[in-house]
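Based on the hints, put chain B in the right spot on chain A.
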Amino acid sequence: MAAQIVENEEPQLPQILIHRLPSFDLPFKAQLVTRFRLIDPYASSDPTAFFSSPQAQSVRVLLPVGPSPVTADTLRCLPSLQCVIGSSAGVDHIDLAECRRRGIAVTNAGSAFSEDVADYAVGLLIDVLRRLSAADRYVRSGSWPVKGEYPLGSKLGGKRVGIVGLGSIGYEIAKRLEAFGCSIAYNSRKKKPSVLFPFHENVCSLAANSDVLIICCALTNETHHLINKDVMTALGKEGVIINIGRGALINEKEMVQFLVQGEIKGAGLDVFENEPNVPKELFELDNVVLSPHRAVLTPESFTTLYEVVMANLDAFFSNKPLVSPVDLE
Amino acid sequence: METAGVLMTYPMSTYLEQELDSRFDLFRLWDFPSRTKFLQQHSHSIRAVVANTTCGADAELIDSLPNLEIVSTYSVGLDKIDLVKCMERGIQVTNTPEVLTDDVADCAIGLVLATMRRICECDRFVRNGAWKKGEFGLSTKFSGKAVGIVGLGRIGSAIAKRAEAFGCPISYFSRSKKPDINYKYYSSIVDLAANCRILIVACALTEETRHIVNREVIDALGLEGILINIGRGPIVDEAELVSALLEGRLAGAGLDVFENEPEVPEQLCNLENVVLLPHVGSDTVETCQAMADLVIGNVEAHFLKKPLLTPVF
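First to last, the sequence lines map onto chains A and B.
Read in order, the letters of the first sequence are residues 1 to 329 in the working numbering.
Read in order, the letters of the second sequence are residues 1001 to 1313 in the working numbering.
Since no wrong hints were added, every one of them can be taken at face value.
With a Cα cut of at most 30 Å, we get these calculated BS3-like pairs of lysine-lysine: (1) 147/A - 1037/B; (2) 190/A - 237/A; (3) 175/A - 1184/B; (4) 1145/B - 29/A.
Covered by chain B, per the in silico footprint, the following chain A stretches (three or more residues, Cβ under 8 Å): (5) 114 to 120; (6) 145 to 155; (7) 177 to 190; (8) 282 to 290; (9) 298 to 307.
Okay, the calculated beta carbon distance ranges per label pair: (10) 147/A - 1084/B: 31 to 37 Å; (11) 98/A - 1182/B: 50 to 56 Å; (12) 1176/B - 175/A: 31 to 37 Å.
Hints in this document: simulated from the structure, not taken from any laboratory.
Backbone N, C-alpha and C fix where the C-beta goes; we use that ideal spot for every residue, glycine too.
This is chain A alone, in the form it adopts within the complex (with noise of 0.2 Å):
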């Protein structure tokens, strides 16, 4: 055992082990490691090490750092883990089905990110709808005198608003949007019995019947090109895509043939299918609006993460039912 990657030795301390991409760092290990003893395989240059030695045996809780990938394998090596305590709000990175056939639990970044993802997804609506980045675009290169008046945008009151999951980053934006005079309805697995917007059973009756589409649900075997070409055919010319749940979502190929074509009106995406490489016929589009998934990353939301991520472990080491479970089934 490598001891440059234990931090605090303290042998009475409950043992985490971390697991994240070279490129990531945790972000709180400061304040963890005063509780906790941390196991940071990629601190050593053989992180492999680490998996096959007799200490992984005992390993009971993992926290992967952000998207890195937990895999099949990655959880053959830990034979007693009992807790995945991911830190993002979609865990499809977390192998759920080998949790769930192993009695693994696995906790998210519960309503973390809630506030600022639904910040950003209704930012990204209203840069598509009045055009705010190709407008900005516009008067920095100096356009404005030279051209005259800009091309007028879309109203945003007044839209029938279809939230593709709703959850509690979806409903979050629904809150916000309803503020603009927007209609809400809805697609989920279920039918939310609390709820009293309208709920649409399948994807396509919702996009039949909205102006505008935001995708926020999870990224699942059954979600995966959830929004495909019947669905975009449905919402229509006029519709407007907003995605700040996962690229896969969409069938990336087909939606930029719908945007490329004026099939629909428009699109704002945080996320795409294959992150960091954007589709570039999308770049010569002054309808959509780019980001790099981005939608949760301010210091604020790190903060209310630390505090889920604390909670959670407090609540499995002290055998408490944990803040934020996946439902794994």
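Relative to the frame of chain A, chain B by itself:
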């Protein structure tokens, strides 16, 4: 009524132009080589002026139209119309209040989000291929931040309503405290700026409000402060704003209006922490049609001797 001469000062809306043309004897000022030329030929025929904020109705124009009865402006703002002169002459004035309130408020919130969450900068980052070379930095959360509104009229109130849905505490500055409103009132704009993170300028441009956002206000808003202007350019001392941004005394700005439109200070165009819009606050297809309908409705009502829809006096 069909023979009444109507002068349109500027090509503000094709739809409005067509509708006016089908109802009245429409003169387009921009069709004439000069204003003088136009006046020599037609000054006596004009009974109504349809103006906007680019080309209004100043004292000179009003004085040269002896039969002018009504000025109907395709705007909320009246700063390009000589109201005193109109009142002296008994000329009616109408504007287009209400219809564009929502759009301007949406634009204000859009500017706040675009500035704080760096959305336009993100879009530039992706389009120029920088994402493949590294990650974009962090941005600042909007929800829950203190919002200060300068001028709590229709537009200011609509902005407040939206910001409340983001959990933001609201305070405001205006000439007087509004009864029945729970937002915190400041009688000094400097105090308002010192107690909010985001200052949104939504008041009318008058002699009292010209350069009301000056260096003292900007410095009170401070290092982390964001200034949003969807009112009129001259409400903000633009030179002071530019120097505050260049010197890092302000976190950012979202501007739909400028002192000398369409000119925008070149230094601003090189800054990443500003969002610059070409005065599009109310520019949506839906609202422009509603505004045009209101302009037509007012002119028609006047000639039919019916009550005006949205009189200013």
